[in-house]
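Quick note, the sequences are listed as chains A and B, same order. Here the first sequence is numbered in my numbering, starting from 1 and rising by one per residue. Here the second sequence is numbered in my numbering, starting from 1 and rising by one per residue.
Check each hint, because a few of them may be wrong.
If you want the ones that stay clear, here's a sample from chain A, every Cβ over 10 Å from chain B, calculated [as the list claims (entries may be wrong)]:
1) P42
2) I50
3) D89
4) D130
5) R211
6) A278
Derived DSS-like pairs (lysine-lysine); straight-line CA-CA distance at most 27 Å [what the hints assert, rightly or not]:
7) B:K209 - B:K179
8) B:K179 - A:K53
9) B:K53 - A:K179
10) A:K209 - A:K179
11) A:K209 - B:K94
Have a look at the derived ranges for each label pair, beta carbon to beta carbon [unchecked claim]:
12) B:P167 - A:A26: 37 to 47 Å
13) B:E82 - A:D148: 13 to 23 Å
14) A:N259 - B:P42: 52 to 62 Å
FYI, nobody ran anything at the bench for these hints, they're computed from the structure. Where is the CB? At the ideal position from N, CA and C, for every residue including glycine.
Number of protein chains: 2
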Amino acid sequence: MSAGPALAILCGGGALTLEAARQAKANGREVFLVGLVGSASPEIEAFDHIWVKIGELARFTGALRQRGVEEVAMLGAVTRPEFADVRPDWGAVKHIGEIARLFRSGDDGLLRGVARILEREGLRIVGVGDFAPQLVAPVGRIAGGAPDDDARADIAFGAALLGALSPYDVGQGAVVARKRVLAVEAAEGTDAMLARVAELRASRRLRFKGRAGVFIKAAKRGQDLRLDLPAIGVATLEAAARAELKGVAVAAGQTLIANRAAFAAAAQAAGLFVVGFAPSTSET
Amino acid sequence: MSAGPALAILCGGGALTLEAARQAKANGREVFLVGLVGSASPEIEAFDHIWVKIGELARFTGALRQRGVEEVAMLGAVTRPEFADVRPDWGAVKHIGEIARLFRSGDDGLLRGVARILEREGLRIVGVGDFAPQLVAPVGRIAGGAPDDDARADIAFGAALLGALSPYDVGQGAVVARKRVLAVEAAEGTDAMLARVAELRASRRLRFKGRAGVFIKAAKRGQDLRLDLPAIGVATLEAAARAELKGVAVAAGQTLIANRAAFAAAAQAAGLFVVGFAPSTSET
Numbered sequence: 001m002s003a004g005p006a007l008a009i010l011c012g013g014g015a016l017t018l019e020a021a022r023q024a025k026a027n028g029r030e031v032f033l034v035g036l037v038g039s040a041s042p043e044i045e046a047f048d049h050i051w052v053k054i055g056e057l058a059r060f061t062g063a064l065r066q067r068g069v070e071e072v073a074m075l076g077a078v079t080r081p082e083f084a085d086v087r088p089d090w091g092a093v094k095h096i097g098e099i100a101r102l103f104r105s106g107d108d109g110l111l112r113g114v115a116r117i118l119e120r121e122g123l124r125i126v127g128v129g130d131f132a133p134q135l136v137a138p139v140g141r142i143a144g145g146a147p148d149d150d151a152r153a154d155i156a157f158g159a160a161l162l163g164a165l166s167p168y169d170v171g172q173g174a175v176v177a178r179k180r181v182l183a184v185e186a187a188e189g190t191d192a193m194l195a196r197v198a199e200l201r202a203s204r205r206l207r208f209k210g211r212a213g214v215f216i217k218a219a220k221r222g223q224d225l226r227l228d229l230p231a232i233g234v235a236t237l238e239a240a241a242r243a244e245l246k247g248v249a250v251a252a253g254q255t256l257i258a259n260r261a262a263f264a265a266a267a268q269a270a271g272l273f274v275v276g277f278a279p280s281t282s283e284t
Numbered sequence: 001m002s003a004g005p006a007l008a009i010l011c012g013g014g015a016l017t018l019e020a021a022r023q024a025k026a027n028g029r030e031v032f033l034v035g036l037v038g039s040a041s042p043e044i045e046a047f048d049h050i051w052v053k054i055g056e057l058a059r060f061t062g063a064l065r066q067r068g069v070e071e072v073a074m075l076g077a078v079t080r081p082e083f084a085d086v087r088p089d090w091g092a093v094k095h096i097g098e099i100a101r102l103f104r105s106g107d108d109g110l111l112r113g114v115a116r117i118l119e120r121e122g123l124r125i126v127g128v129g130d131f132a133p134q135l136v137a138p139v140g141r142i143a144g145g146a147p148d149d150d151a152r153a154d155i156a157f158g159a160a161l162l163g164a165l166s167p168y169d170v171g172q173g174a175v176v177a178r179k180r181v182l183a184v185e186a187a188e189g190t191d192a193m194l195a196r197v198a199e200l201r202a203s204r205r206l207r208f209k210g211r212a213g214v215f216i217k218a219a220k221r222g223q224d225l226r227l228d229l230p231a232i233g234v235a236t237l238e239a240a241a242r243a244e245l246k247g248v249a250v251a252a253g254q255t256l257i258a259n260r261a262a263f264a265a266a267a268q269a270a271g272l273f274v275v276g277f278a279p280s281t282s283e284t
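Chain A extracted, bound-state conformation (with noise of 0.2 Å):
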């Protein structure tokens, strides 16, 4: 029944997480849910599953040795907490000092960081290109019509202001309209950031005629690509949308997009275009 081993994915929140756990199951792999209590949805107790909380590491790593689980997915957003709230059990607790220094460092150095510890712990980090790769973002058209001329321009300017934020473990995010920059996405999240852009256009504080401007998004340079991928879905679209933006671009093979179907729908109902670029360096 198992076309490749027993794969554990550590779930924190959002949809995409469940639907690669579906994906996974589809084809042909067995999934066993670890939600993080927090951040992780009530329905991946549909799968085998249990729930930690950040610092339970013998917890995890008992689970997965149980169950011969070896592969470990890390998906979803997680809240991150102070460090002083973190209750490391035993199997944390050898780590604590790197576990200190991480919290001091940026979401990419985290995620990293626990990476390496799971990895210390025997265990194998894949990602969703591995056993889900019809989540990933191709090149070229993905949905609704082409870019113009000012749309190509902007999302080649706006990868590039991504490349260069990318060593401050920021920026998976902007938008830009005819080569001004209206808003960088940081702590905030792309929600709120295209909702920022969407009122300063309704305020009249930034004026364009009808849609201008597109949303670029990508992985961070030097990101380690089987860990948390940004991810777009309808509700992006919908709030590109509202910005009255002409359109999204997303770093190919480095942006997850969930619920392809409903995906392509809702662009062309919005009139938003959605491409994948190549994107221009690779470090990882």
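Place chain B on chain A using the hints.
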């Protein structure tokens, strides 16, 4: 009565424009204010002044010629119209090709282009540092206490981040806490960016115990320092306090500080440090 040639100030919005005019007068300059309709404060009418709309170049240069004014400063925030809404007078018509091009560039390019056109009309562009140096941030402590080690590291990180953003005509401000980039400023402006950080903290989406992070502000690298410099004032400090930051760091020589006495008192009251850092590179 005058300690220098008469000076025209092309006025956008903001109290600093008026303070610069008062300071120039106190420094012995005769001043003539040119208010941009829709942007400048009615308070400019306390000075010798006229009002102009964007595109009324002949009206502007004519009024200066009449008064024998050859030096112009450009100050304050301007609401950027759509090019199609600009009504060029006969003075602007001969530059219309360039003006159209400028409207497709970033704010920086637009300002530089306007300066270039005014210079071609025989005017000399000057900066605030030239006629009111009291308003420009110095290196070192400006108000409040001294930054701690964490804050100093965040200042260095944030200054480097803003440097990387410079080529994209964006990024005069960012909030960094323990080397995490919490927010990057683009079209929304400083106040909205700081309000966003305050909301993220209040909603516990960003969890730090107590004061954390620094607001870092700089001019864009390569920016013409005679043109509109970033400015901070009491409102900035109030916003930084609501965001529970430790302090504010501004690029020395590149940032204007309105109303210094009230500013220092407000920093003290809010428990915020304010320091000027020496920009690492100057390619001006």
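Each hint tested on the structure:
P42 (chain A), annotated as away from the interface, keeps every beta carbon of chain B farther than 10 Å; the closest lies near 21 Å. The Cβ of I50 (chain A) sits about 25 Å from the closest Cβ of chain B, beyond the 10 Å cut-off, so the non-interface label holds. Interface exclusion of D89 (chain A) from chain B stands, the closest Cβ pair being 21 Å apart, more than 10 Å. Remark: the non-interface label on D130 (chain A) is consistent with the geometry, its nearest Cβ contact in chain B lying 29 Å away (cut-off 10 Å).
Taking the minimum C-beta to C-beta distance to chain B, about 14 Å, the non-interface status of R211 (chain A) holds against the 10 Å cut. Even its closest Cβ contact with chain B, about 20 Å, leaves A278 (chain A) beyond 10 Å, as expected for a residue assigned away from the interface. Between the alpha carbons of K209 (chain B) and K179 (chain B) the distance comes to roughly 15 Å, so the proposed pair stays at or under 27 Å and holds. For the hint pairing K179 (chain B) with K53 (chain A), the CA-to-CA distance comes to about 25 Å; that is within 27 Å, so the pair holds.
Between the alpha carbons of K53 (chain B) and K179 (chain A) the distance comes to roughly 25 Å, so the proposed pair stays at or under 27 Å and holds. For a cut-off of 27 Å, the pair hint linking K209 (chain A) to K179 (chain A) stands: about 16 Å separates their Cα positions. A hinted pair counts as satisfied when its Cα atoms are at most 27 Å apart, and K209 (chain A) with K94 (chain B) qualifies at roughly 25 Å. In this structure the hint that P167 (chain B) and A26 (chain A) lie 37 to 47 Å apart at CB holds, the actual value being about 45 Å.
Judged by the Cβ atoms, the range 13 to 23 Å given for E82 (chain B) and D148 (chain A) holds: they are separated by roughly 18 Å. At about 54 Å, the CB distance of N259 (chain A) to P42 (chain B) agrees with the hint of 52 to 62 Å.
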